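Novice: Residues per chain are reported as follows:
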Amino acid sequence: MPIDLDDMFTTLGRHADTIPLAPAEQARRRGRQRTRTRAVIAAAAAVCLVTAGTGAVIVRHDRQTAPPTSKRGLPTVGAPVEFGDQARATTEAGADGRLYTAWQTLNGQISMNAVDLRTGAAAWPARQLGSRTDTLQAVNALPQALVVILGHQEGTESGSTMYVFDPADGRQRWTSALGAGDEYVPHESGLVLASAKTGRTEAFDWVSGARRWQLPAPADRPARTVGTYVDRNEDFMLGRPFIFTDDRLVQVTRAGKVQVRDIATGELRRTVTAAPPDTDPRTYLAYDGWLYNDEHECCEANGYRIRATDLRTGQGGTKVVFTRGPGHQLDMLQMCGDLRVCVTDRDRAGRTTVSVLDLATGRQLWQATPAQEAGSVATVHGYTLVGGASGDRVVYDRDGKRVFSTPASSVTWLDVNTLLLLPALVAGPASKVTLPDGRVTVLGEVPPASDACAWTPERLACPTGTSLRIWSLTG
Amino acid sequence: MTDDFDAFYRDTSRRLLRYAYGLTGDPAEAQDLVQEAYARAWQRWRRLSGYEDQEAWLRLVVNRLSADRWRRLGVRRARAAADPPQAPAAPPSEDTVLLVRAMRTLPATHRRALTLYYLLDRSVGEIAAETGTSTGTVKSWLSRGRAGLAATLGTLEAAADPALETGTQKGAGHAH
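If you read the protein sequences in the order shown, they are chains Y and Z. Under the numbering used here, the residue at position 87 of the first sequence is numbered 87, and the numbers go up by one with no gaps. In the numbering used here, each number is its position in the second sequence, counted from 1, plus 1000.
What the hints contain is simulated information worked out from the structure, not anything from laboratory work. Careful, some of the hints might be misleading.
[Claimed, not checked] Computed beta-carbon distance windows for the label pairs:
1) 401/Y to 1133/Z: 44 to 54 Å
2) 1133/Z to 256/Y: 50 to 60 Å
3) 1053/Z to 211/Y: 52 to 62 Å
4) 1147/Z to 417/Y: 44 to 54 Å
5) 369/Y to 1053/Z: 39 to 49 Å
6) 1012/Z to 265/Y: 51 to 61 Å
Every value quoted in this text rests on a predicted model; they were computed, and no experiment measured them. Backbone N, C-alpha and C define an ideal beta-carbon position, used for all residues, glycine too.
Isolated chain Y (complex conformation):
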């Protein structure tokens, strides 16, 4: 019997109308929280600037030059890794030359595998994990462990479970529940978890899952727990797995005490007094001996201040180093390398401004207004790539000089001094651009890319519905 598509969509629409909606107040509250979480986005994910355009014309300085077109496909590596059905997948390239992928098929089954990126051969067979009612949330391919986070819903309670695997063979090592509002800091020495519910802070061994140290909930509970960035961490902007390497763990208490701890032992090194955190979530950036955070008097539209607190000694001071007036909202506060901090905000007209500050003094080094709705800033070895919802993606040099721009849909750092341009929505050429000369090399045709793709300087890997495909970027 034939199926009537109109009827099916009508039924689907009716079902959509029964899905409960949260009140508007909840959306407004999330809007306020986004100021904080944007910095988390910047820290946790490689910056891949994707918008809904399909253009791939390259523009350098004020010249507009179209790259030579090529219909030659990128060479594939190995056979496609089949998911067994339509699936949604998330994938990450590890520093060990393997690609780790987890996917969830339409029947809810979640699986994962590891593939040698050089050959495309399976490093270990696919393994199933979780239950069919779980949702796949994230994959982190760290050198110490492969971490997969699954969400689950029990009645009205939602939560997550973190599964820790041995990247060598995919065997499960241990698991840990993650509650709402928990903060976790992955560090070379272990994983630090700060529980929002209990106020406890604990560190776990990557291999055994054994607790290495713990801090009971103090009367003045931590409001934020963050790892400390150092310049060499800017590699995470290249899409590589990120793990903290500096040994300082920073906790900001509700009363405004900033505690610097040894992340390997939990031992308190020093306490510095700063301003108490606002009731609204704010952005905290711990970067090489300094803690930067934003402050607001009242409303988002009333402007903001950036405070810098010196964590290098117990007598370190705290001061406001940067102020923006009414109408400006902070978007991001992040490290820019070379002991610089990038502050991104937007005004009421949607104009984005990127301000680059000297870490130790807070002095503004340069400022640029790149585009409307610019939402992503990624600095690699002095070059700052800025992009957003509309307009060109622009690259600035250390002095704030605009050295390259492109309207391409998807732009990311492929390697130091090299950008990767990918098509979005429809198939098209993948290109790479070297800086500072802006030389464009068309690599070949690829299917439309998404943020689910992973890449290394040699390989591009993307889920394509029912399988995972790997291409060579080096011919």
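Following the hints, complete the assembly by docking chain Z onto the known chain Y.
Specialist: Coordinates of chain Z only, in the frame set by chain Y:
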């Protein structure tokens, strides 16, 4: 300002949820996408409230969020952590499950066009305007989308919709 936003939310959120559900086929994800889109709208409400078509802006946000969710899901957990969990939806009918599965096999452009056309009652011309493409392209997306659904659903008759043949008005069989 808050009252204006809340009124806008009341008037439009149900339609945006339909759109998000059509794109994702996942009630929980649709709930989250809608919340996130309005959260972004609230952040720039002063400016957005002056837009002629605020709903189109919201749909654009939902498009982008749904397209790049997977890399950011880990972040979503943190972002949503402070929100109370949303109430679960009633189970879908068998037909809806089938259609959702079939929709997931389609390219995003086809899914978007079908969702606008069938769930939001948009004409081919309106879809063309919203997606910044020609009506011919939209017809192609709809036609290929229907063919894709037919292939997946198996028994669907891939009869062409009159609207796809003649222009921007929907066929008589379309449910309003």
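Novice: Against each hint, give a clear statement of whether it holds in the structure.
Specialist: Structure-based check of each hint:
no.: 1; hint: 401/Y to 1133/Z: 44 to 54 Å; in the structure: violated, 36 Å
no.: 2; hint: 1133/Z to 256/Y: 50 to 60 Å; in the structure: holds, 53 Å
no.: 3; hint: 1053/Z to 211/Y: 52 to 62 Å; in the structure: holds, 54 Å
no.: 4; hint: 1147/Z to 417/Y: 44 to 54 Å; in the structure: holds, 45 Å
no.: 5; hint: 369/Y to 1053/Z: 39 to 49 Å; in the structure: violated, 26 Å
no.: 6; hint: 1012/Z to 265/Y: 51 to 61 Å; in the structure: holds, 53 Å
Taken one by one, the earlier hints fail for this structure at numbers 1, 5, listed in ascending order.
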